[in-house]
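Student: As they're listed, the protein sequences go chains G and V. Under this note's numbering, the residues of the first sequence are numbered 1 to 115, in order. Under this note's numbering, the residues of the second sequence are numbered 1 to 112, in order.
Rather than coming from a laboratory, the hints here were simulated on the basis of the structure. Ideal placement from N, C-alpha and C gives every residue a C-beta, glycine not left out. Be a bit skeptical, because a hint or two may be false.
[As the list claims (entries may be wrong)] Reference listing, derived: stretches of chain G covered by chain V, where coverage requires no fewer than 3 residues with Cβ under 8 Å from a Cβ of chain V: (1) 30 to 40; (2) 43 to 49; (3) 82 to 94; (4) 101 to 113.
[What the hints assert, rightly or not] Restraint ranges, calculated between C-beta atoms of paired labels, are given here: (5) G/A79 x V/E79: 44 to 54 Å; (6) G/R51 x V/E53: 27 to 37 Å; (7) V/L112 x G/L11: 35 to 45 Å; (8) V/G63 x G/E39: 47 to 57 Å; (9) G/R61 x V/G97: 19 to 29 Å; (10) V/R44 x G/E39: 14 to 24 Å.
Listed here are the chains, written in short residue letters.
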Amino acid sequence: GESVGLHLPTLSVQEGDNSIINCAYSNSASDYFIWYKQESGKGPQFIIDIRSNMDKRQGQRVTVLLNKTVKHLSLQIAATQPGDSAVYFCAEISAGGTSYGKLTFGQGTILTVHP
Amino acid sequence: EAQVTQNPRYLITVTGKKLTVTCSQNMNHEYMSWYRQDPGLGLRQIYYSMNVEVTDKGDVPEGYKVSRKEKRNFPLILESPSPNQTSLYFCASRPGGTGELFFGEGSRLTVL
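So that you can see chain G by itself, here it is in the shape it has in the complex:
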């Protein structure tokens, strides 16, 4: 498949473990955050999003936590499965004006799940 990154942070877990993927963002004006998953050879897929007026949001097997004080975002995956192996990107959108359309991605984290 396509190589999407060199020297990316990596996380290796055993099947069934919980995974936590972290992301630091820099723009304090960002008000909307999203996590994407990218499997080898494919385009990124939306996982979950959170607005800045929330600090936690849960989906199916995934939870996103937002700490605005330290500008940190995390994605927790419960009972990680081999199919969760992928590169995970956080992304941020700034509020207001024309910049609302401007989406900035983090560098990504490679998650490898071992059976």
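Starting from the structure of chain G, add chain V where the hints point.
Tutor: Showing chain V alone in chain G's frame:
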């Protein structure tokens, strides 16, 4: 099937030969955008469009042009490609008010 379709998926070209990568979505999304993905640099936004005839620069617009004459199409134009534009390109769309981008399968471009 709801999808974003890019063409071509793979292209090898030479410096200076104009090319266009097409992008079409069938979800009636207002927002469309282009990204390039390079090893170690992640996904970087090239251009985006909030609606028909409304386009704006992303983080790396130099060397690229776009147009949005119809809602469903958002072509990426490289007027005079250079080797530093060798990359994996993704088109994406989303409905207004959400961050749920729907990505195409990607276009691998090599400029010799």
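Student: All the hints need checking, so say for each whether the structure fits it.
Tutor: Status of each hint after checking the structure:
{"no.": "1", "hint": "30 to 40", "verdict": "holds (count 4)"}
{"no.": "2", "hint": "43 to 49", "verdict": "holds (count 5)"}
{"no.": "3", "hint": "82 to 94", "verdict": "holds (count 3)"}
{"no.": "4", "hint": "101 to 113", "verdict": "holds (count 8)"}
{"no.": "5", "hint": "G/A79 x V/E79: 44 to 54 Å", "verdict": "holds, 50 Å"}
{"no.": "6", "hint": "G/R51 x V/E53: 27 to 37 Å", "verdict": "holds, 29 Å"}
{"no.": "7", "hint": "V/L112 x G/L11: 35 to 45 Å", "verdict": "holds, 37 Å"}
{"no.": "8", "hint": "V/G63 x G/E39: 47 to 57 Å", "verdict": "violated, 29 Å"}
{"no.": "9", "hint": "G/R61 x V/G97: 19 to 29 Å", "verdict": "holds, 25 Å"}
{"no.": "10", "hint": "V/R44 x G/E39: 14 to 24 Å", "verdict": "holds, 20 Å"}
Checked against the numbered hints listed earlier, the structure breaks hint 8 alone; every other hint is satisfied.
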